[in-house]
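K.L.:
Protein chains in written order, with this note's numbering: chain A, 61 to 506; chain B, 38 to 291.
Hints in this document: simulated from the structure, not taken from any laboratory. Quick reminder that beta carbons are idealized off the backbone N, C-alpha and C, glycines included. Warning: the hint list may mix true and false statements.
Said to hold, decoys possible - Quick list of the computed label-pair ranges, beta carbon to beta carbon:
{"hint": "1", "chain 1": "A", "residue 1": "167", "chain 2": "B", "residue 2": "136", "range": "52 to 58 Å"}
{"hint": "2", "chain 1": "B", "residue 1": "154", "chain 2": "A", "residue 2": "123", "range": "49 to 55 Å"}
{"hint": "3", "chain 1": "A", "residue 1": "120", "chain 2": "B", "residue 2": "152", "range": "44 to 50 Å"}
{"hint": "4", "chain 1": "A", "residue 1": "125", "chain 2": "B", "residue 2": "157", "range": "52 to 58 Å"}
{"hint": "5", "chain 1": "B", "residue 1": "110", "chain 2": "A", "residue 2": "160", "range": "31 to 37 Å"}
{"hint": "6", "chain 1": "B", "residue 1": "218", "chain 2": "A", "residue 2": "485", "range": "32 to 38 Å"}
Stated by the list, open to error - Pairs of lysine-lysine, DSS-like flavour, derived with a Cα cap of 30 Å:
{"hint": "7", "chain 1": "B", "residue 1": "148", "chain 2": "A", "residue 2": "489"}
{"hint": "8", "chain 1": "B", "residue 1": "230", "chain 2": "A", "residue 2": "456"}
{"hint": "9", "chain 1": "B", "residue 1": "158", "chain 2": "A", "residue 2": "481"}
{"hint": "10", "chain 1": "B", "residue 1": "140", "chain 2": "A", "residue 2": "456"}
{"hint": "11", "chain 1": "A", "residue 1": "456", "chain 2": "B", "residue 2": "39"}
{"hint": "12", "chain 1": "A", "residue 1": "456", "chain 2": "B", "residue 2": "148"}
{"hint": "13", "chain 1": "A", "residue 1": "183", "chain 2": "A", "residue 2": "123"}
{"hint": "14", "chain 1": "A", "residue 1": "475", "chain 2": "A", "residue 2": "489"}
{"hint": "15", "chain 1": "B", "residue 1": "230", "chain 2": "B", "residue 2": "162"}
{"hint": "16", "chain 1": "A", "residue 1": "226", "chain 2": "A", "residue 2": "237"}
Said to hold, decoys possible - Not everything, but these chain B residues come out facing chain A in the computed CB check (under 8 Å):
{"hint": "17", "residue": "90"}
{"hint": "18", "residue": "94"}
{"hint": "19", "residue": "95"}
{"hint": "20", "residue": "97"}
{"hint": "21", "residue": "112"}
{"hint": "22", "residue": "116"}
{"hint": "23", "residue": "117"}
{"hint": "24", "residue": "122"}
{"hint": "25", "residue": "125"}
{"hint": "26", "residue": "128"}
{"hint": "27", "residue": "141"}
{"hint": "28", "residue": "145"}
{"hint": "29", "residue": "198"}
{"hint": "30", "residue": "202"}
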Amino acid sequence: MQNKTVISDIEREFIDLYKENRSMFEAKASAPVNMVRKSGIRDFEKLGIPTPLQPLFRNGYRKYLEPRKVEFDLASVFQCDIPTLDAHLVLLVNGFFDKKNGNSLKELPSGIIIGSLASASHKFPGLFEKHYGKYASHKDGLVALNSAFAQDGIFLYVPEGSVYKKPIQIVNLVMAKEDIMVQHRNLIIVEKNAEAGVIICDHAMTPNKFLTNSVTEIYTAENASFDYVKVQNEHNNAVQFSHIFVNQEANSSMTSNIMTLHGGVVRNNVNVLLNGEGAENNSYGLYLVDREQHVDNYTYIDHAKPNCFSNQLYKGVLDDSATGAFNGRILVRKDSQKTHAYQANNNILLTDDAKIYTKPQLEIYADDVKCSHGATVGQLDEEALFYMRARGIPEKEARLIMMFAFAHEVIGNVKVEALLKRIDELVEKRLKGELSPCDNCAMKCY
Amino acid sequence: MKSMLSIKDLRASIEDKEILKGITLEVNEGEVHAIMGPNGSGKSTLASLVAGKELADVTGGSITYLGKNLFDLNPEERSKAGIFLGFQYPIEIPGVTMVNFLKAALNEHRKHKGLEPLSAKDFLKLLREKKDLVEIDSKLTNRSVNAGFSGGEKKKNEIFQMAMLEPKLAILDETDSGLDIDALKIVANGVNKLKRKDNATIVITHYQRLLDYIIPDYVHVLFDGRIVKSGGKELALELEKKGYEWIKNQVNGN
Ligand SMILES: Nc1ncnc2c1ncn2[C@@H]1O[C@H](COP(=O)(O)OP(=O)(O)OP(=O)(O)O)[C@@H](O)[C@H]1O
Ligand SMILES: [Mg+2]
Numbered sequence: 061m062q063n064k065t066v067i068s069d070i071e072r073e074f075i076d077l078y079k080e081n082r083s084m085f086e087a088k089a090s091a092p093v094n095m096v097r098k099s100g101i102r103d104f105e106k107l108g109i110p111t112p113l114q115p116l117f118r119n120g121y122r123k124y125l126e127p128r129k130v131e132f133d134l135a136s137v138f139q140c141d142i143p144t145l146d147a148h149l150v151l152l153v154n155g156f157f158d159k160k161n162g163n164s165l166k167e168l169p170s171g172i173i174i175g176s177l178a179s180a181s182h183k184f185p186g187l188f189e190k191h192y193g194k195y196a197s198h199k200d201g202l203v204a205l206n207s208a209f210a211q212d213g214i215f216l217y218v219p220e221g222s223v224y225k226k227p228i229q230i231v232n233l234v235m236a237k238e239d240i241m242v243q244h245r246n247l248i249i250v251e252k253n254a255e256a257g258v259i260i261c262d263h264a265m266t267p268n269k270f271l272t273n274s275v276t277e278i279y280t281a282e283n284a285s286f287d288y289v290k291v292q293n294e295h296n297n298a299v300q301f302s303h304i305f306v307n308q309e310a311n312s313s314m315t316s317n318i319m320t321l322h323g324g325v326v327r328n329n330v331n332v333l334l335n336g337e338g339a340e341n342n343s344y345g346l347y348l349v350d351r352e353q354h355v356d357n358y359t360y361i362d363h364a365k366p367n368c369f370s371n372q373l374y375k376g377v378l379d380d381s382a383t384g385a386f387n388g389r390i391l392v393r394k395d396s397q398k399t400h401a402y403q404a405n406n407n408i409l410l411t412d413d414a415k416i417y418t419k420p421q422l423e424i425y426a427d428d429v430k431c432s433h434g435a436t437v438g439q440l441d442e443e444a445l446f447y448m449r450a451r452g453i454p455e456k457e458a459r460l461i462m463m464f465a466f467a468h469e470v471i472g473n474v475k476v477e478a479l480l481k482r483i484d485e486l487v488e489k490r491l492k493g494e495l496s497p498c499d500n501c502a503m504k505c506y
Numbered sequence: 038m039k040s041m042l043s044i045k046d047l048r049a050s051i052e053d054k055e056i057l058k059g060i061t062l063e064v065n066e067g068e069v070h071a072i073m074g075p076n077g078s079g080k081s082t083l084a085s086l087v088a089g090k091e092l093a094d095v096t097g098g099s100i101t102y103l104g105k106n107l108f109d110l111n112p113e114e115r116s117k118a119g120i121f122l123g124f125q126y127p128i129e130i131p132g133v134t135m136v137n138f139l140k141a142a143l144n145e146h147r148k149h150k151g152l153e154p155l156s157a158k159d160f161l162k163l164l165r166e167k168k169d170l171v172e173i174d175s176k177l178t179n180r181s182v183n184a185g186f187s188g189g190e191k192k193k194n195e196i197f198q199m200a201m202l203e204p205k206l207a208i209l210d211e212t213d214s215g216l217d218i219d220a221l222k223i224v225a226n227g228v229n230k231l232k233r234k235d236n237a238t239i240v241i242t243h244y245q246r247l248l249d250y251i252i253p254d255y256v257h258v259l260f261d262g263r264i265v266k267s268g269g270k271e272l273a274l275e276l277e278k279k280g281y282e283w284i285k286n287q288v289n290g291n
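With the hints as extra help, turn the sequences into a complete structure.
P.N.:
If you want it as C-alpha cells, here you go:
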C-alpha cells in the first residue's frame, strides 16, 4: 500500500463530506457495517483516488446521501428488459433499494432472502459480522471510498441446499435531473450446496452525467454454485467503476459474464479468491466500444488452494477512437498444486485510432500447474470476408456476421436461455449501430 | 452459342511482378473447360480475378461475363450474377455455422432475384437435398464454416455450396486434390448433376483422372502466365504422358 502525502481537492471533498455525515451514517447502519466504514475512510485517506482517475471525479457531482423520490413507472421498467425472461426483479434507484416493489426484505421460495442491504444489516448481524467487508480489500482507494460511504444496495442470501433456478434480476437505475454520484454496495451469500443466479442491468435513465462506484461481495460456500451476469448499457456521460470480490470455498463454482454494450468510461474489477480445493471459476467479458468510450477490465484470480480451476475469456470490439484495457492477473500460490488457470483476451480493432492495452500477469509459485494465457489484437480476417462475399454476402453484412461470431463466443456462456437470446439480439443491434443506450428501456431518455 | 465468359489479353501483376501475361479465353454456355499447368503458373490468380479478389493488379485486358464488364461488379455482385469459385484453399470461419452462412448467402441470392427469403422449413429441406447430392456428413452443416474440416471435407463442402447456390459459371480450383477416389467420384458426380445447357464449368486440375469423370470440351495449358496450348480432352492425356517438360520445350521452341 502506497501512502499519499498530498490530499487533492477532490479527496478532501470526500473526507469532509464523510465527517459531516458520519453520525448520520453510523446511526442508520449496523455495527459490522460501521466497523468497515471506519477502516474505509482511514484507508481512503491513505490511498486516495488513483491520479489518472481524478479528472473523472471533477465534475461537481451531487452525492445523494438518502433516497430521493423519483417518479417512474414501474411497469415500464419491468418491460424494459427481457420480455420472455421469468425473473424476480429488484430495483436500486440511485443506489438505494426501491421499496415500491414490496418490502425492503423479501423471502422467496426455498428460503432465499433478497432486499435492501441496509435493512439486512440490522436484521442479520451475524451474517454481516461474518461476511461484510471480509472480501472487498481496500487495496484500491475507490473500494475504500465505497466502504466509507456505503449505505444501501442489494443483499442476497441463499440458504444451505436451496436451489433457485429463476434468475434474480437487479436493475440499477440512475435517474436525476442533475449530475450525481452513486455508491452502492451489494452482499451476496450462497451457502453450502445452494444454487442461484443474478442478472444485473445498469440503466442511466436521464441524460445527465453520472458516476457510479459500486462494490459487490460474493461468497460461495462449499459446493455452492452461483451465476453472475451483468449488462452495462449506459450512455456516453456515464462513468462506472464496478468492483466485484468473490470468495469461493471448496468445490464451489461461479461464473461471471460482464457485457459492456455502452458506457462513457467503464472499469470492471473482478477479484476472485479460490479459497477451497476443487473450486471452479469462469469469468467472461465482452466489450463493444466506440466513439470516445473507454472500457477497462481488470481481473485478479488468486489460486490460494490446490486443485482449483479458473478460466477467463475477455473479448472486445473497438471502433472509432475508443480505447480499452485488459489487465489479467493470475496468482498461483506455492502450495496450490494441480492448479488449472487459463486466460484469453482477444480484440478486434476496427480503425487505426482504436486502441487496446492488454497485459497478462501470471505469478506462479507452484510447480505442478497447467496455466496458459494469450492475447490477440487484430482486424477482421480479410480472407474470410472475401470468402463470404464470394458467396454473395455483402461486405457490410459479412463484417457483421464475423463480429457477431466473435462476440458470441462470450455470450454463448450465458446459461439462462431467454437472457442469452436477448443479449444476442442486443449485441447484434449494437453492432449494427441500431442500439441506443436506452433502446432496451421502454422509457426513452432523450 | 452464347458467350458466357470472355477474357481478352488479361494482364495482372502482384507486387510489380507480372503473373498473368496476356490471357485470352472464351467460354460459352454449356461448355466444360479444363485448365492445367504447373505450380505457380497463375491458375488460381486467374480464377480469383474472375471471382473479384483484389489480390493482383490488373494492368491490361478485359473480362466480360454475360456481356457485362466484370470489373464493374464487386465479389458479392459477381456471386449473385451466377459466378461461383470453388476455392483451392477453403477458408475457415470460426463461430459462423455452415447453416447461418448458407442461409445468409442463399437469401442474398434470392433477394437479387426478387424472391422472398426461404422459410426455415424449406431451407432445411433444400439443405438436406443438396447434402445428399454431395454425400456430405450431416453434422458438418452444424459446425463452423470449414473449421476443423478435413482436407477432403473442405473440398466436398465447396461442391455442396455450389449445389446450394446453383451458379451459371463454376470455377473449381483444384477441387479434386486431396480427395480419395470415392470422394472424387462424388464430387464429379455432383458437378455433372448440376450441369445444364445454360451453365458452364471451368475445372482447374493437375490430374487427368478427374477428367475421366468430368469430361471437358476443351483443355488449356497455362504456363508462366500464358495459355500456351489448347485442345480437346486428349490434350490432358498427352500432358499426363509427356509432362510439362514437353510444353516447356514447345514454348521455348525446342
Ligand atoms: N499473395 C501473393 N503475394 C505474392 N505472390 C503471389 C501471391 N499469390 C500468388 N503469388 C504468386 O503468383 C504466382 C501464381 O500463383 P497461383 O497461385 O496463381 O499459381 P497456381 O497456378 O494456382 O499454382 P498451384 O498449381 O500451385 O496452385 C506464383 O508465383 C505465386 O507465388
Ligand atoms: Mg492454384
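K.L.:
For every hint, state whether the structure bears it out.
P.N.:
Okay, the hints, checked on the actual structure:
no. : hint                      : result
1   : A:167 / B:136: 52 to 58 Å : violated, 46 Å
2   : B:154 / A:123: 49 to 55 Å : holds, 53 Å
3   : A:120 / B:152: 44 to 50 Å : violated, 60 Å
4   : A:125 / B:157: 52 to 58 Å : holds, 55 Å
5   : B:110 / A:160: 31 to 37 Å : violated, 60 Å
6   : B:218 / A:485: 32 to 38 Å : violated, 48 Å
7   : B:148 / A:489             : holds, 22 Å
8   : B:230 / A:456             : violated, 34 Å
9   : B:158 / A:481             : holds, 21 Å
10  : B:140 / A:456             : holds, 16 Å
11  : A:456 / B:39              : violated, 34 Å
12  : A:456 / B:148             : holds, 16 Å
13  : A:183 / A:123             : holds, 27 Å
14  : A:475 / A:489             : holds, 21 Å
15  : B:230 / B:162             : holds, 18 Å
16  : A:226 / A:237             : violated, 35 Å
17  : 90                        : holds, 6 Å
18  : 94                        : violated, 16 Å
19  : 95                        : violated, 17 Å
20  : 97                        : violated, 23 Å
21  : 112                       : holds, 4 Å
22  : 116                       : holds, 4 Å
23  : 117                       : holds, 5 Å
24  : 122                       : holds, 6 Å
25  : 125                       : violated, 12 Å
26  : 128                       : holds, 4 Å
27  : 141                       : holds, 5 Å
28  : 145                       : holds, 4 Å
29  : 198                       : holds, 6 Å
30  : 202                       : holds, 7 Å
Hint compliance for this structure: hints 1, 3, 5, 6, 8, 11, 16, 18, 19, 20, 25 are broken, all remaining hints hold.
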